[in-house]
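Here's the letter readout for the chains.
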Amino acid sequence: MSAHEETPRPVASAKLPILDNALARRDFLKLGGGIATTAALTTLGCQPPQENSLPFVEMPEGLRTQGRPKFYATVSAGAPVLVRTREGRPILITPNPACPAKVGVSVRAQAALLDLYDPDRAQGPLSIRRGKGNPLKVDWLTVGTEVVRQLKAKAGDVVLLTEPITGPATTTLIADLVRTLNIRHVSYSPLGSDVQTQAAEALFGRPYLPRPNLAHAALIVGFGAEFLDQPETGMELEFAKRREPNAEGGMSRFIQLEGRLSLTGANADTRIRVRDSQLANVAAALAHTLIVSRKYGPLASNEAVIAALTPFAPSDVQTPTGLTAQVFERLADELINAAGRAVVLSGITATATTNGLTLETAVALINLTLGNYEGPAFDRQALCTCATPGPAALASLVEAMKAGQVKTLILAGVNPVYDAPRALGFAEALASVELLVSLNDRLDETSRLCDYLAPASHPLESWSDTAMPGIAVAVAQPVLRPLYDTHGLTDILVSWGASAGSGGALEAAALAARPDAKNPAQKSAGSAGYHFIRNHLVTHVVGDAKSWDDLLRSGFVAEATVIGRWTGLTPPASPNTITARPLTTDPGMMPLIGIGFDTNTFALTDAGLQALPTLMGKPTASPADLELQLYPHFALHDGRQANNGWLQELPDPITRLTWASAVSIAPKRFAEMGLKDGDLMEVSVGEVTLTLPAYRHAGLHNDQLAIPLGQGRTHCGEIGKNVGVNAFTLMGQHTGRFVRAALPVTLKKQGGFQQLPGAQGADVIDRKPRPLVPLTTLAAYQKNPKSGTEQEEGGRTIWPEREKKGPQWGMAIDLNKCTGCAKCVVGCQAENNIPVVGPQTIIAGREMSWLRIDRYYDAPEKAGGWGDEVWAGPLDVVEEPVTVFEPMLCQHCENAPCETVCPFNATMHSEDGLNQQVYNRCVGTRYCANNCPFKVRRYNWFEYSKAQTNPLFSLVFPEIKAHAIRNTRGRMQMKNNPEVTVRSRGVMEKCSFCVQRIREARAESTRQGNKATLKDGDVVTACMEACPTEAIVFGDLNDPNSRAAKLCADARSMRLLESVGVKPAVHYLTKVRNDNT
Amino acid sequence: MKLPNKPMQLAVVLGALAGFGVLAFLMINPKQGYAPKQPIFFQHKRMAGDPNWVTDANGKEVNLGGYQIPCRYCHTMPYEGRHSTLPSTDICMNCHSVVGQDKEWVLVLKGYWERGEPIPWVKVHDLPDFVYYDHSAHLNAVDDKGQPKLDCVNCHLDVKNDSVVQVRTKFNMGWCVECHRKPEMAASTDCVTCHR
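Residue numbers (the working numbering), protein chains in the order written: chain A, 270 to 1346; chain B, 29 to 224.
Fair warning: there could be bad hints in the mix.
[To be verified] Once the Cα atoms are required to be at most 16 Å apart in a straight line, the calculated EDC-like pairs of lysine to aspartate or glutamate come out as: (1) A:Lys1037 x A:Glu1059; (2) A:Lys1332 x A:Asp1123; (3) A:Lys1280 x B:Glu212; (4) A:Lys1280 x B:Asp171; (5) B:Lys138 x A:Glu327; (6) A:Lys1280 x B:Asp172; (7) A:Lys671 x A:Glu703; (8) A:Lys1074 x B:Asp218; (9) A:Lys1073 x B:Asp218; (10) A:Lys676 x A:Glu1061; (11) A:Lys1073 x A:Glu703.
[Claimed, not checked] Estimated spans, in silico, between C-beta atoms of each pair: (12) B:Ser125 x A:Lys423: 53 to 59 Å; (13) B:Leu38 x A:Pro1220: 44 to 50 Å; (14) B:Glu142 x A:Phe340: 17 to 23 Å; (15) A:Phe340 x B:Leu135: 40 to 46 Å; (16) A:Asp818 x B:Tyr161: 34 to 40 Å; (17) B:Lys34 x A:Pro1172: 48 to 54 Å; (18) B:Ser125 x A:Phe340: 33 to 39 Å; (19) B:Leu135 x A:Ser396: 33 to 39 Å; (20) B:Asn91 x A:Pro1220: 57 to 63 Å.
These are calculated hints, taken from the structure and not from any lab test. Just so you know, even glycine gets a beta-carbon here, dropped at the ideal spot from N, CA and C.
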């Protein structure tokens, strides 16, 4: 026995009951009592934390009703929006409800809110010195002096390189600078395409086409159409309107020909797989079938057209396209049946091939010969899509830079070092420019090679204007003062222009410098940029000062008000011709396209007929066995908002991937190569090779690969940097255009593996055993309106019937109108303070979104039924998938299984039919999530909203550092909606049906003296507000006259899991596919 | 672990029960009587209280009471918004640029005003962060006869005669629910009424 063991030990520890294996019940009680007493004694001295309440010293006018939101109509990402602010800070961006078609609001426009509070934005002007040494802070005067000195020289060697600018005032401002200061202006967008305008100009002598209105289209044929992938075109609502099975004039039919299953293609009734390189041949062969074989339409007797189409006989293009002559005959039949009421469309990715012009020309010929342009489906009076400039201008700029003709380059909103093809040599050419000034908002890939970064303010902090299809002009007004030392782009240009002596800018600067009428000691309100925009819009667009106020209130001018006088530069020759013309002759300058088509003369011009053989060319063979498509990332688009956590975390509607770029491989090839999702692949185009994980992309053409653009930013900030790979490096060039489809590519397995952060497990649903999504065909619907909703009914219920007094909230989701665009997801995330969790958490299956959009591929009926193999996604299902999107949120079940199992009564039913979640009661047992059949409950594994400072915790859970980077730095938490609790760790959360809005509507009714009684439409949930197609309708199901109740009573309506008897408050309306050919 | 005798065992059980009791009590802690020290010795009774005019030693008429200033002169927004709002300093200065210029606490007030600093009042009627209360929804509520159901004094009681403002009710959830349950109030007792 050693001495050590002889030392007396404390008695208690020797007999500590916990150490014994069997802890007697009595001992447990005794011990528990002791602990409780100690705890009670120690907490006796505790008080709730003392907080201060700091009132204003002087109350600002307009802030009198604290705690109530204020709204501003402005512009975000080029779309008219309404910004909800609380106590002066923006908390939500929604489509402007005054704007009839909710035109063009994309997820990027919604998520721009997060960019506003992005701590990685430049916080003031910096001297970068082309990346030598750390950036140094400078002031605006230093940068301004240098630039103005160059501008004053008027030597013609200053170039302003901007993103496409559409607003009439901003365009005029730049045109003014170009004219008076002898500078050059080039606009550039990596995804810009001038193929359509080129084709239109060659064929019709004018660089535009009438705008399709899908609400009046009986048949839509898309050749890689992307109108749902690109909400900017503002066609979603019009498309959805005609998708009602009982729509006036009949439900529209949508046939899409494409290589990669896109969101648009997923909404098609019939989808035909054609690889990108063959789309032009297919379109031409279809034109051949209609015009040459069938001799249909006015072009059938036109020798030149027939000659140009002759090489494209379906039999000749059959082999490369892989389509039989029957397919063309069927398409031709359908088109002829719908002649004059059809729309044939292409998409900008489909035309970004070497034969894009052929595709556009063929599409125009088909529309012409069917008389579609004269029909109701094309709106000849609407402002047609503003063409985006092609990259030819950038190429000529690079030439000029290399030749030493550019002394000063000012960049605004462009990032060519990241997104122009490497072969162009933009980054290298920068070295020959003497002064490089970037007006981008952050130290990005291009800015870090410049001399100065003079950061432009966020759009919500500055004045600007924009023009867009469907409506004419929208004005962007600042919603708050700049958070950092930044100036609005218009302000910068006006103040530099004025200092250099440019006329229009001088005038605006003088107005801004004028003393205030009431208080001569102060300057008048409004910056120089504001005065420029106001002056221009008052004079040329709205007409008088009062209408200007109306413009600020509504946010936009409908085009009827401005026809004929909206740029003021070129007065219209006659009311029926184009009212505005290109403002400069610079090839990169955006042509402003006017209104007022002359419908009678819309025909092929003689020049067009002569150009036809060149435009059409000969059928092209595919470039190689395998071709690559580079498509704009659904959420990130060209990647300018890559540092945005909401966009990074928004699952792609088709691939369901977040926080990654992957190479999409067709299911059959995937199986042949023996791959699994996440296997690292080497993708080579020419000499450039990228390594990225493989993804099995349903519906992809077997000979095609696809990679999203917009990822792989190296200098965008802490959140988005080094996520995925930069696919712009693979982009090719052809006759002054960027080629990003039908690129010859080789694919090799690299051997590594990278887990893909996907937000969904299984792809394929077998509705026989699991009728979880109502789906039917138009023929079946017309026979039986209830078809598609079949399921086992009436499970036994253990719950007593509830008394339903007052409103019973519920929701109807029309799957026929839901296009899967995911705007509801972003709207919900912003409204309900949902944190950004990051890729690792998504991989662990712990995403936080309260509302997700499930994407299913429907397994067709099979003799004997499907077995377990259906989960893996059988080839015959995923090769030609039938896609259905289902927004999934808390169903607010009347008999909610989660409520039964909560041991703490933290979730229970309210009188008005809500499944309530009470955070302060929740202790996080997660029983409810286990018992939820819809898997809509989310658990807070971490304290996302607070930076965890405890070093021990940071050591044990390194991910909390990443969570802090994504959620809590700088002013990020200022985005939070103060009406919704910011949940902490260990709490279960889920969709609340935006209960804060219900309570606010009741309070408003009380304030109006109406005793908290609500009318239909008083409560609009965030998802309903964000939905562009009105697929989501929320309301009182106890009021038979409410919109929601009517929809829920429709024959198409179905509640999920009737057999379990949970009685959800969310009703889904059957998705009907139009198979009537 | 064996305890020597019955009384001892009983003591442990009672102790445990008492411990749980204290804990439970703390969790529903009434805030009654809470009157933290404020940066300015502000007396509601001198502003809103009833006047008490007396003749002082010099034969001058002085008001030892208040001036019956209505609540909403300073707390401007209870009928319009969620918060009743504390007065911004300029509201104080409406009077105190003239009145009581030599008084100790008025000088402190003027100090804040001249430095342009907000007065760091300590919250007295402070609800937990997970409670969403709306003054306007309470004060605008009317009964069947169109009469308002509530006034400030229903919850804040006699604040106008306080020297130091203090919580005069229990001000915990039980106290809220007590009133919400009254049939004449016709108020909701759903969790989401206050928690969301």
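Results of checking the hints against the structure:
With a CA separation close to 9 Å, the supplied pair A:Lys1037 and A:Glu1059 stays within the 16 Å bound. Taken as a hint, the A:Lys1332 and A:Asp1123 pair is broken in the structure, with Cα atoms around 20 Å apart against an allowance of 16 Å. For the proposed pair A:Lys1280 and B:Glu212, the alpha carbon gap of about 13 Å is at most 16 Å, so the pair holds. For the suggested pair A:Lys1280 and B:Asp171, the alpha carbons sit about 9 Å apart, so the restraint of at most 16 Å is met.
Annotation: proposed proximity of B:Lys138 to A:Glu327 holds, straight-line Cα distance about 13 Å (limit 16 Å). Pair hint A:Lys1280 plus B:Asp172 holds up; C-alpha atoms about 9 Å apart against a cutoff of 16 Å. At roughly 12 Å between alpha-carbon atoms, A:Lys671 and A:Glu703 fall within 16 Å of each other, so this suggested pair holds. Proposed proximity of A:Lys1074 and B:Asp218 is supported: the alpha carbons are some 14 Å apart, at most 16 Å.
Our distance criterion of 16 Å between C-alpha atoms is met by A:Lys1073 and B:Asp218, whose separation comes to about 14 Å. Restraint check for A:Lys676 and A:Glu1061: the C-alpha separation of about 75 Å exceeds 16 Å, so the hint is violated. Proximity of A:Lys1073 to A:Glu703 is assessed by CA-CA distance (about 75 Å); at most 16 Å being required, the pair is judged violated. The hint said 53 to 59 Å for the Cβ distance between B:Ser125 and A:Lys423, and at roughly 57 Å that hint holds.
Separation of B:Leu38 from A:Pro1220 is about 47 Å and conforms to the stated range, judged on CB atoms against 44 to 50 Å. Range check, B:Glu142 to A:Phe340: about 37 Å between beta-carbon atoms, so the 17 to 23 Å window is missed. Look at A:Phe340 against B:Leu135: about 43 Å separates their beta carbons, and that is inside 40 to 46 Å. The hint said 34 to 40 Å for the Cβ distance between A:Asp818 and B:Tyr161, and at roughly 36 Å that hint holds.
Distance hint check: the CB atoms of B:Lys34 and A:Pro1172 are about 34 Å apart, inconsistent with the given range 48 to 54 Å. Checked against the given bound of 33 to 39 Å, the beta carbons of B:Ser125 and A:Phe340, roughly 36 Å apart, stay inside it. Range check, B:Leu135 to A:Ser396: about 49 Å between beta-carbon atoms, so the 33 to 39 Å window is missed. Against the hinted window of 57 to 63 Å, the Cβ-Cβ separation of B:Asn91 and A:Pro1220 comes to about 60 Å, which satisfies the hint.
Figure legend: structure checked against the earlier numbered hints; hints not met, in rising order: 2, 10, 11, 14, 17, 19.
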